[in-house]
Amino acid sequence: MDVPRRMMRLRWLSRRTEALYISPLRTLGASYATAAKKGGKKEQGKYQATLRLPQTPFSLRAFAKDREPRFRKATTENLYEWQRRHLGGDQRDFVLHDGPPYANGSLHMGHALNKILKDIILRFQVLQGRRVHYMPGWDCHGLPIEIKAVAEARAQGQTSMTPTQIRDTARKVALRELDNQREMFKQFGIMTDWSDSNCYRTLSFSYELAQLRLFAKCVERGLIYERFRPVYWSPSTQTALAEAEIEYDEHVSHSVYLRFRLEPSTSLRTLLGTLAEEPISMVVWTTTPWSLFGNMALTIKADAVYSIVRTSTNELLLVAQDLVSSLSSVSLGRDTKAPRTHLGALDEVLTLPGTALVGSTYRYPFMAPDAVRYITAADFVTTESGTGIVHSAPAHGQEDYEAWRDSGCLESYGITSPVDHRGAFAFDSKHGATPAIQDDIQSLEGLLALEEGTKKVLELLDKYGILLGEQLYTHSYPIDWRTKKPILTRATAQWFADLSQTLPDTNAALRDVHFVPPTGEHRLHSLVSRRSEWCISRQRAWGVPIPVVYDAETHTPLVSVDNVEHIIDVMASHGSTDAWWTLDAEAFVAPAHRVPGKSWYIKGDTLDVWFDSGSSWAVLQQALGEPLCTSEPCADVYLEGSDQHRGWFQSSLLTRVAVCGHGTKAPYANLVTHGFVVDESGRKMSKSIGNVIAPEAFLQGDPKKPKEFPALGTDVLRWWVAKADYTKDIPISTLIMKHVSDEVRKLRNTARFMLANLNDLPRESIPPLSPSTASLMDRYTMHELYKLERTCREAYRQFDFAQVTRSLLEFATKTLSSLYLDIVKDPLYAGSEADRQGILYVLDHVLHTMTTLLAPILPHLAEDIAWYRRGAQADPTPAEMETMPSFFQQGWRPVDVVWHDPALEAQAQALLRMRSDIFVLMTHCQKAGHIKASSETAVDIYLPSSHPLWAVCEAHQAQLPDLFQVSHVRLFPEEAAFHAHLRADRWSQSLTIHNTPIQLRMQASPQHKCPRCWKYHSDQPETLCARCDAVLSP
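Mapping to UniProt numbering: the sequence shown position 589 is 589, numbers consecutive.
None of these hints come from the bench; they were simulated from the model. Careful: at least some of the hints might be erroneous.
For lysine to any residue, the following SDA-like pairs were computed, each having C-alpha atoms within a straight-line distance of at most 25 Å [what the hints assert, rightly or not]:
#1 Lys707 <-> Thr734
#2 Lys728 <-> Glu696
#3 Lys463 <-> Arg683
#4 Lys46 <-> Glu696
#5 Lys705 <-> Arg683
Could you put together the complete structure from these sequences and hints?
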């Protein structure tokens, strides 16, 4: 078909489809009654009562804000309770384990996305006859709640708080926030039991005890230990962080080149020759000048070549040979707005192997007079950037620490960390070669290392000639995911879980997991594989205590299985983990470890909140009545945002493997991840940008902006969730939601048309229909319904909800609105009972199947349809709301395979292509002013009998007028006969179908308009057609 004709066909279809969606009853039925009144013709009006016009109390508009709550209880808490009682049998429950949202603050669109996706999965399973288990959870410990609790207490005049006071206030804050969130979650139409008995909270004492028992299992396997070593430290929250609690953001750092005076060993002096008599400065490059006070060594690359170069000022510098040219371009001095000179040309006077430098010492003005620092070698040093000489501060860098430890220096020399818990300088020994330098360094005390402390250090480096050059640069830098402020690496005594022992089992456990999207597999594998340990201790009061006591004399921790279990028993006897802060330390020492005269103390560290939430699988197993370490995954599905690859997905996996050991399965069989909600420009939701939209704005509307934010209701929000590609970031805006609302309205109006025609017919009263007796379009529609049901069922199984929404809309638009419902309106309204039977069967099955397919996504609409399909004449009363059955109780009824007919589909598609060409011809006739409606016309078709379409048209010739929406269709197998039947006294319009011999001709119908059905089938004006006369005959 050429482009102009194709565009005309599309405009025709668009007008027909749009008319149906605007008001199907008005356009398809009420027009009979309305038009009968025009002109006051009694002959037309008297037949109105004989038409079966569609009627239904099912509302044209959803009025979702007011009406959805009337169906909510039936489709949420009552349905969950019903399926727990009536489904199941011998089959294990389908378990979707809820990743606990943090119990702090109002819900955002990400919460809606997450909870609705989970609910869609569960509802599909219920329709499939599977009993589901869904236990909503909340993450209740941690710093944000503690900060809010302290802030609220201070606002009430409480300036200082003990740990127990903090815990008591934080508990109240968490429970208050949890209850607020729970009420909001209910508005999303989530099918579950929201009572405390079916929800888990990490602050619940039973949950805390379960978590401590997992800790004891890890102790038993030798996976828990304490180390004084560098960890990620957040000065803003004053606690250690795990990798999962770190994000990255743009940050301005100071890149500095420093001079450290080389003190060559005897062997090196020999290689240097006369140069040994001159001062040689090793050029050190670092981006953390604040960490210089933790310097323990300079580290080089053993297999690299190093050059001694002479500057234009006759200074000797030592640098990796590969980096001499880059060093010459370094700008000298501080990075200010003033112009600076470069170091300039460098004259290489000697080269040395890196191994020759190892064992020599160095000095620089910040070192104490009696300090000795050595040059060492390490594999992590490169000559790709910098100078090839690294300042090593084992207290402030993981690689530095590991190299220091592996070389044996850690045991011999220890490490020093001059930064305290606030991220401020705190010196426990004198630094500086002279009293003047010592005084200047002492002035740094209390300054924040990452802020004014760095600026002051740079001033001193410049003052004492250590600074060669400085360059400001912007780069990606780790920040605390809660406060969004920079972190640093700092050596402290922390508790760790050894992940290196369990790594093979962890990787093995992931092999059987199905990932959606598939990219999640690589991401989780890579995150797990590069972790050798997990820092599980936090320096906060609001959390689960680490059950370890310390010998007061030796400071040695008592960490053994029997003592951890003793601590758990003590807490259990007191009914709260608060006992950790109220009882004496001796109470937590098991009798076997008590020695007369020995005293003990408690540090008060708490477990990482990821250990909290990562223990939830054990609470799930308990709720299911299953052993702790089962041979199968705990849950069928874990579904969270993609950030949980480094969070809950990982911590759940690590704790389960650590506890259950070799051969254990991951806690999840399917791992589904979704993206984040962004605005229509792809920007993340941010208060500073002003693009945050709360779910309530769409659910309840915004009274301040009623036009921009009308109340759309829960189902529209759920359709937005389902239709998006949730594996990527999902945009949302008022315009997007308007389009989403229109789509839901189309589905509702399509269902309303079918309800209106089935209004007085219970399902059981509709006679069965056989494919052998069904009309062409009845069979084709049922075939398409069969395909739709199978497609959507498989899409639900694959968690592809966007495919479900696309398929439903396409079926409603193309198969129903612009085709089948358009064709069947005449026999429905004006035909005989026999004419209607097959159509009613199709409508009933289509309505039920479409309701089933949309129900997991649009449960309120499904319940609304089901309520009125059962014969209701009004919305449920408050009493009926309590007891009304749910549509989901009917289960999923597949379309019978007898309707699957690919051969029929091919025939129907060929006829529909011809139908489209006839619609193009109708458009030409309308433009020429020949007709107002297609029903006024007759169509002649020249179709050679040898053409494959001839047999199809001949077999279904009686049904072609209704299919083509004309009064008559005549077929001509020979072109001469086709032209011979052209009437010269009537208008006509012809069209040859592109690239075929087929010719179409449209002209005025030879018959008259029936005053009852308005079809041009009457032999005389103002008389009934034969069909209507037979229908009205006694």
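Hint-by-hint comparison with the structure:
Only pairs whose Cα atoms come within 25 Å are accepted, and Lys707 paired with Thr734 is accepted, the gap being roughly 10 Å. Taken as a hint, the Lys728 and Glu696 pair is honoured in the structure, with Cα atoms around 23 Å apart against an allowance of 25 Å. Using a Cα cut-off of 25 Å, the hinted pair Lys463 and Arg683 is violated, with the two alpha carbons roughly 45 Å apart. A hinted pair counts as satisfied when its Cα atoms are at most 25 Å apart, and Lys46 with Glu696 does not qualify at roughly 51 Å.
A threshold of 25 Å between alpha carbons decides the hint, and for Lys705 with Arg683 the separation of about 22 Å falls inside it, so the pair holds.
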